[in-house]
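Student: Let's have the full structure, built from the sequences with the hints guiding it.
Sequence lines, in order, name chains A and B. So the first sequence is residues 1 to 297, counted in the numbering used here. So the second sequence is residues 1001 to 1308, counted in the numbering used here.
Any given hint could turn out to be false.
[Claimed, not checked] Restraint-style ranges between C-beta atoms, simulated for each label pair:
#1 A:Gly140 to B:Arg1034: 51 to 59 Å
#2 B:Ala1249 to A:Arg292: 52 to 60 Å
#3 A:Ile157 to B:Lys1134: 40 to 48 Å
#4 B:Arg1132 to A:Ile133: 24 to 32 Å
Treat the hints as calculated values from the structure; they're not laboratory data. C-beta: ideal position from N, C-alpha, C; glycine also.
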Amino acid sequence: MISMRAWPTSNMLAAELLKVRKRWMPYALLLLMVAGAAILIWLGGYGSWVEERNDPEFGYGQESLRTFALPWSLTGLLDSGQFWGAILVGILVASAVATEHGWGTVRQALIRGRTRSQYLTAKLLSIAIAAAITLLLAFGVGVGFSVIATALADRPITLDVPGGPSVPGVALMVLRAGYGIIPYALLAFCLAVVGRSTTLGVVGILFFMFVEAIVLGILGEQSGWAADARAFFPGHNVQALLAANRIGSLGGNSLAPRDPALTDLPDPAIAALVLAAYCVGFLAIAFVIFQRRDINA
Amino acid sequence: MSNDNPDVVLRTVGLTKRYRRLLALDDLNLEVCRGQVFGFLGPNGAGKTTTIALILGLIAPTAGHVEMFGLDTRRHLSGVLRRTGAILETPSLYPHLSGRDNLRVWGALSGGVEGKRVDEALDLVGLRGRGRDKVRTYSLGMKQRLGLAAALLHDPELLVLDEPTNGLDPAGMREVREVIRGLGQIGRTVFVSSHLLSEVEQMCDHVGIVKEGRLLTQGSVATLLRQGEALEMEVTEPDRAVRVLGSLAWVNGVRRDHDRLLVEAPRERAAELSRALAEQQIYLSELRPREGSLEEFFLEVTGKEAVQ
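Tutor: What follows is the structure in structure tokens.
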């Protein structure tokens, strides 16, 4: 629970949003996410389907069809959106936090009569708003691509397929994917605050994701406690959330190698709690250190 | 309220900062009263920036505390900072924003200011014409002026300025000095650190001198300069004159430079001094007052530290 002393004023939030809005990074993030969606829908999906649709060896392109056609494309878009979103939002967060130290503006901000917690909270909220808008826009464009590709393939544009989601169900799918981004973004935030360095935040999150994927892969080959230990890793719990986004019997379509069997994953509700614990931990470290440290630059 | 004198706007009480083995600030006790333009003077590395960072709550003291507007900043930091404007060493600005947007950001963080006030602040520092340009295109002097505008934006009661003329050309330095003097004239309190003696002498009515983390002296510039006042004279018998003058209780000291004597005594007692010599048949051929300078005073108290 954030106390009133930590909650920023609307003026502070507006100032932070102005700063984020005037950076090029959110626009680069949007461009990369849209490019990712285009690759997934047009190259990985529609383009492959055009080549495979008459070929029995490739199942008449059914797998490719499910990559670009609604509603199955939603799973792939959100799955890859979570993976690349975690990296790109992590970079945005680390940069937004650490460059203030480099420019010395963090000192100027802190001598204006606001608490340090308010400062950090305003920064986090502004980045969260900017990232949410950017990612939703990219998702919207991806869905738009999917609608066009589905129409070009002369398939019905509908959510009404076996195991297909309702409209609120789609919103829940988006929330699950978005929630899977937060622990990684907060890890980058925590590292950038602690190290006062964009590099530490960016390299830290990439290193963590890389090592985590390897460790999860190794543990997945084991049994007993070693396999159970995966439940403590954020990546495994994110997989559980994304697995809940699967439509019908379809596996993951994303670029990210994260399609273990459902029985091998934690319950999504438990996974959400584990991820929340990580979020609280990263936030607590960042806020406590920032609160206590001398700000010399 | 722990401050007995309501006129004291800024007070440091036993303020001490230690970085491992380095004692950056040692038991600093300062008082700045309402309406004063207080010069905080010291050689580079004396502890001026550390003091300002402590005052503004950016770093935590090892011992002691700061009171602003009669309130202990350990409990009321946010409240007192809202009544304070500050510049810290080098100008800290967002290079990807325009000058105007920088002021909008700082204004919002200070609780919100109107667009009109942003224009006024840009006018004040002569940057209205460049307000829409990105700060990354500004010269250091322009950045410094924008920093001053940011400090003045919310019309603070107290200004804390760390080397505000850094990076400015002579004309810019003069403009900033005039702004600061003007603020003093309208009753604002200004605490300004500098290592430039002439600058402090021109801007400030009070001064504190710090060296190696210790406050050596503080007081009004007029009083401190009066301590350096002397009467310069030429007499018929310098050796005997030194003995006669040395016996006078109100003469603080006599120095001899060939036939000239430099007598540390209040200038209003020149006539008494002349009479005392005449009574001993020593006659003056020349007598004139000599003004003290802050530079002389500074060199005296800091042990002839090299300064500009």
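Student: Work down the list of hints and note, for each, if the structure agrees.
Tutor: Hint by hint, here is what the structure shows:
no.	hint	in the structure
1	A:Gly140 to B:Arg1034: 51 to 59 Å	holds, 58 Å
2	B:Ala1249 to A:Arg292: 52 to 60 Å	holds, 57 Å
3	A:Ile157 to B:Lys1134: 40 to 48 Å	holds, 45 Å
4	B:Arg1132 to A:Ile133: 24 to 32 Å	holds, 26 Å
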